[in-house]
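*Asks:* Please work from the sequences and hints to get the whole structure.
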Amino acid sequence: MAITAKNLDKNEYFYGHKACAGCGGSLAVRAALKVLGEKSAAVLPAGCMSAVGFNFPQLCFGNNAIISMFAGTASMLTGVEAGLRRRGIKDFHAVGFAGDGGTADIGIQALSGAIDRGDDIIYICYDNEAYMNTGIQKSGLTPFGARTTTTPAGKNIRGNIRPKKNMFEIAAAHDIPYAATATIGYINDFMEKVDKASRIKGTKYIHVIAPCPTGWGIPVDATVEAAREIVDCGLWYLAEYENGEFKINRDPGEFTDPAEYLKKQGRFKHLTDEDVDVIIKSRDKKWEKIRREWK
Amino acid sequence: MKPYLREKKSFAFEDIPEDTCFEAGYLVTVNSGWRSRTPQIDNEKCIGCGQCYLYCPDGVIAMDGKTPVIDYDFCKGCGICAKICPKSAIELR
Ligand SMILES: Cc1ncc(C[n+]2csc(CCOP(=O)(O)OP(=O)(O)O)c2C)c(N)n1
Ligand code: SF4
Ligand code: SF4
Ligand code: SF4
Ligand SMILES: [Mg+2]
Numbered sequence: 001m002a003i004t005a006k007n008l009d010k011n012e013y014f015y016g017h018k019a020c021a022g023c024g025g026s027l028a029v030r031a032a033l034k035v036l037g038e039k040s041a042a043v044l045p046a047g048c049m050s051a052v053g054f055n056f057p058q059l060c061f062g063n064n065a066i067i068s069m070f071a072g073t074a075s076m077l078t079g080v081e082a083g084l085r086r087r088g089i090k091d092f093h094a095v096g097f098a099g100d101g102g103t104a105d106i107g108i109q110a111l112s113g114a115i116d117r118g119d120d121i122i123y124i125c126y127d128n129e130a131y132m133n134t135g136i137q138k139s140g141l142t143p144f145g146a147r148t149t150t151t152p153a154g155k156n157i158r159g160n161i162r163p164k165k166n167m168f169e170i171a172a173a174h175d176i177p178y179a180a181t182a183t184i185g186y187i188n189d190f191m192e193k194v195d196k197a198s199r200i201k202g203t204k205y206i207h208v209i210a211p212c213p214t215g216w217g218i219p220v221d222a223t224v225e226a227a228r229e230i231v232d233c234g235l236w237y238l239a240e241y242e243n244g245e246f247k248i249n250r251d252p253g254e255f256t257d258p259a260e261y262l263k264k265q266g267r268f269k270h271l272t273d274e275d276v277d278v279i280i281k282s283r284d285k286k287w288e289k290i291r292r293e294w295k
Numbered sequence: 001m002k003p004y005l006r007e008k009k010s011f012a013f014e015d016i017p018e019d020t021c022f023e024a025g026y027l028v029t030v031n032s033g034w035r036s037r038t039p040q041i042d043n044e045k046c047i048g049c050g051q052c053y054l055y056c057p058d059g060v061i062a063m064d065g066k067t068p069v070i071d072y073d074f075c076k077g078c079g080i081c082a083k084i085c086p087k088s089a090i091e092l093r
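Residue numbers (our numbering), protein chains in the order written: chain A, 1 to 295; chain B, 1 to 93.
Be careful, since some hints might not be right.
Short derived list, chain A residues pointing at chain B, Cβ under 8 angstroms [as the list claims (entries may be wrong)]:
(1) Gly-16
(2) Ala-21
(3) Gly-22
(4) Arg-30
(5) Pro-57
Computed footprint of chain B on chain A; a stretch qualifies when at least three of its residues, placed anywhere within it, have a C-beta under 8 angstroms from a C-beta of chain B [what the hints assert, rightly or not]:
(6) 8 to 14
(7) 59 to 69
(8) 223 to 237
These are computed hints drawn from the structure, not numbers from a lab.
Note that the structure is a prediction, hence the values are computed from the model and not measured.
Quick reminder that beta carbons are idealized off the backbone N, C-alpha and C, glycines included.
*Replies:* See below:
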């Protein structure tokens with residue numbers, strides 16, 4: 001169903017939080033909860049969204065919400081879903097909001113287990129491409145070339161030397177009922193995917209790019225723009241996995257220049273033209289495969 | 001329920017549960033002090049499209065019919081609304 005400003009739930013369920021101004025992650029949480037509504041039980045592991053949402057007694061969720069251990073988003077979701085079901089509660093959503101570190105690194109085992117069991121949960125990874133809450137350390141989802149405090153940019157090594165882990169396809173490889181990628185830059189697409197996930201039984205995984213002005217070195221009003229550019233220049237893609245098939249939702253055809261996207265960000269300032277070439281080549285390789293194999 | 005600001009803490013220290021389970025949507029402080037610039041909507045230019053409402057990370061813009069209204073208690077002044085507005089109807093001052 002198309003979600004618009006008109007038909008969207010007017011209520012806010014993530015309000016008064018202490019995220020930095022312009023925080024992309026907070027927009028992802030806010031938008032998803034507006035789709036899922038008050039009968040959502042949210043699980044948030046250690047990370048920015050729990051740190052800014054629960055400042056006891058300032059509690060910024062209007063629905064039930066709980067902090068989990070860093071590694072345990074998916075396992076706690078399993079328990080929440082089973083517990084509420086056992087108590088006869090119906091029409092609720094057990095939804096998790098975990099960061100990239102909490103998902104692709106420390107929480108990957110619990111997530112894999114939940115998908116394997118087919119637990120009826122929605123797992124949303126808000127990807128700001130580093131461990132932001134502890135001061136910008138590299139995660140498995142930090143892209144090639146990005147400077148973080150653990151991947152500094154110096155004379156010999158220029159930022160992160162490893163490519164971004166492919167979490168979307170890792171989730172899909174479990175033959176999960178539904179997986180999708182999204183970005184807060186195209187918020188309607190994201191909300192429609194959350195809505196779709198809420199109507200599917202079993203485990204659902206949504207991976208949403210959520211720029212962090214603090215960690216990316218961009219102005220606070222540039223997060224939505226950056227989250228659009230990353231898709232438009234082909235460094236991120238909007239796709240779904242359903243019924244065993246991959247589908248690409250939007251092929252920009254001609255990409256905008258990735259150098260423009262990269263050079264605006266403090267974390268990529270040091271990149272040389274050769275580094276940008278490496279990034280473009282890996283993008284083209286990925287898209288060749290996407291265009292060949294995905295519908 | 002939308003989280004809302006409580007007028008006064010209606011509990012004493014000994015009422016605070018030790019396990020920190022507490023009422024949802026319980027706000028005790030505003031965010032307006034974070035702001036160095038304040039968005040102002042020009043209702044003449046506004047077409048009521050709701051883009052500012054959709055993209056505000058803090059959810060502080062509500063649509064009253066076709067009119068966007070900002071809750072200045074919780075607006076952080078990020079300026080995303082001004083950038084997203086197709087009619088340049090929002091100015092940061
Ligand atoms: C077991 C464990 N190890 C380390 C930490 C410290 N820690 C808290 S938040 C965080 C970073 C989270 O990064 P990410 O999951 O990407 O979320 P973000 O903060 O970027 O939103 C870390 C390392 C912890 N709370 N628990
Ligand atoms: S550090 Fe980044 S992710 Fe964390 S609250 Fe600030 S903007 Fe959001
Ligand atoms: S300045 Fe930022 S926080 Fe304030 S209304 Fe605009 S988008 Fe929302
Ligand atoms: S984005 Fe601009 S035109 Fe649209 S509702 Fe907001 S102020 Fe009005
Ligand atoms: Mg992160």
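*Asks:* Would you list, in rising numerical order, the hints stated earlier that this structure does not obey?
*Replies:* The structure breaks none of the hints.
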